[in-house]
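A.B. asks: Using the sequences and the hints, build the whole thing.
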Amino acid sequence: MTSSGTLYEKVLDLHTVRRLPSGRRQLFIGLHLLNEVSSPQAFGMLRERGIGVLCPERTFATVDHVIPTTALRRPWPDADAEAMQIELEANVGRDGIRYFAPGSGRQGIVHVVGPELGLTQPGTTICCGDSHTSTLGAFGNISFGIGASHVRDVLAAQSLPLADLKVRRIDVRGRLAPGVFAKDVILAIIRRLGAKGGVGWAYEYGGSVVDALSMEERMTICNMSIEGGALCGYVNPDATTTAYLEGRPYAPRGAAWERAVAYWHSVASSPAARYDDRLELDADALEPMVTWGVTPAQCVGVNEPVPELDALPQSERVLAHDAYDYMGVEPGRPLLGMPVDVAFVGSCSNSRISDFEAVAAVIRGTQRRVPKGTRALIVPGSEAIHQELVTRGLAALFVEAGFEVRRPGCSLCIGMNADALEGRQVGASTSTRNFKGRQGSVLGRTLLMSPAMVAAAALTGQVVDARELLTREAEA
Amino acid sequence: MSEAITTITGTAVPLPGDDIDTDRIFPGRFLKLLTFEGVGECSFAEERAQWAASGRVHPLDDPRHADATIMLVNKNFGCGSSREHAVQALMRWNRGIRAFVGESFSSIFFSNCVANGIPAVTVTAAAAGELMEAVAADPSARLRLDLTRRTIELGDRELPFTLPDAARHELLDGSWDSTATLLAAREELLRLAARLPYFDNWNDHEG
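Residue numbers (the working numbering), protein chains in the order written: chain A, 44 to 519; chain B, 179 to 385.
To be clear, the hints were calculated from the coordinates, so they are not data collected in a lab. Hints are not guaranteed to be accurate.
[What the hints assert, rightly or not] Computed beta-carbon distance windows for the label pairs:
id	chain 1	residue 1	chain 2	residue 2	range
1	A	G375	B	E308	30 to 40 Å
2	A	R412	B	E215	44 to 54 Å
3	B	R364	A	E91	18 to 28 Å
4	B	G274	A	G148	39 to 49 Å
5	B	G218	A	A220	46 to 56 Å
6	B	T329	A	L379	44 to 54 Å
7	B	T340	A	D56	21 to 31 Å
8	B	E365	A	E100	12 to 22 Å
9	A	D281	B	A315	52 to 62 Å
10	A	E91	B	W229	49 to 59 Å
11	B	R364	A	A298	24 to 34 Å
12	A	A220	B	E365	48 to 58 Å
13	A	L379	B	E308	36 to 46 Å
14	B	G195	A	R321	47 to 57 Å
No residue lacks a Cβ here, since even glycine has one placed at the ideal position from N, Cα and C.
C.D. replies: Here it is, written out as structure tokens:
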């Protein structure tokens, strides 16, 4: 193994089976995660070709996109969702693939469950038929989303063809002010580099801010790499990484643990590593961020005005003009005070325990309840997190404050189950995408923000600066 | 081996705009499907319905582009979700889109195109604009993409395009359907797997 170089180079070199005649690498995939949306077509293609699953022991499945978040009663009320569930169960059963079923205590959003169970380890390669697989790079590995044809390939050959990426090191310097979170950091990065700035790149995140973040926060950052166009993003493994993994069900134990930790640290980018590009971002002055448009790059600090057309580069003006119109926002004015119909805390970006602790802090700090006319949903990322919310009394606190506490799933991030915006409703959301129609209503409008900011929006029915709200209520 | 893709000739449909995401191309609510059969109708389904409701004709519904096999786009086409449905649906729209010409494509959308033998070639902003204008002026204009020469011919005009070498190689020699190629190195792959510094092979310690 090369001792110099970036983590990207080290991990890919170790996992390269060969160079294909075309020049792409045949990359061995250490861990393959499956969901119900992108796997049925892949299994279908394999059956047509009479090919089996090469490494079922490296493959794990769960159901997240179509699952209802209301009750755990089969059949699911939506017949199409039920059909997908049945198909997944049949496919994993036939090939002996381990499956985290609803009600098992281990079901959840695939990118939340993998880390929680200790499956997603440093120094490996991970694929899943879902673009937010980039989340898992938080553990210091190369993780990326693929389409159904490549799910087929990974099932058949535990490998896929991958074109080389360039590596951009992103150093986030300084310290986050209170009330500013990982979500704000990644939105600020995407704003700076653009929604397409990462096409062809892997992002390596580091610097004092990232070093100080918890694994959950690092996952939020890596999660949205793809929203900046980067296929994958990662953080070098360190003591925070190993402390998170130690003792988890699928993490190594005993002597194997010691050897694993040594290997994991060895794949971190060396100090002498050379990058194709570098970006430094000073986080000291960072504010809570809110999206105002229809791509995650269209975001501003909550007290900042929505940019006017002439403040934007020529190439972004057509999209911005369209976004003002679709979103009904006024350029030159901040989003503060914009009415919010639905508040959603969930998704693979922000549905972990620390996200809900941030919501609880805003509820406790303001002693407010969700006002009439506003809907607020808490959708934990996994059954384990759901259980923890209940055990620690957070679920009761949320319900008392007027939030609905649901079962785990992708829910309002994608609107494939009954959880959806209606008409032109405005959703304040911790999810991943503010694309037109993303939250299940073709005219629905999404404002992406951190869990604390969504909580503040839920408790006031409008866009507010959560920090300002907390200060105001404390003085009152 | 899959089919070798060397040239694509046909009329084109322009779909202007940057950052057209896969939720717009293939809305999430249609994802509850077990196969790609019949997904063509889902292409831009929400957007087409909206345009129709407001009395406008979406480019995909414009009868003048009904025979199009080439789609003209701008920057970052296919960003967002990895759903291969986006490519599969457009391949099944009307006569079927067989190539994309645009300023840039998202990484996963591009990979999904290659995996289905669909070239997604890159041209300059000026060339994209020129092609869109030409096709708007004459929807029956035929384009010819030549992967060997890396050119787009339109009447007596010839414009260069770029396509990453590996993708071009796989399309030209018909190795874009990668399953068989990957399986050919099965033994090598299993040997590599055995020497990777993995630990415990993900045995469940609570199990």
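A.B. asks: Mind listing which of the numbered hints don't hold for this structure, in increasing order?
C.D. replies: 10 and 14
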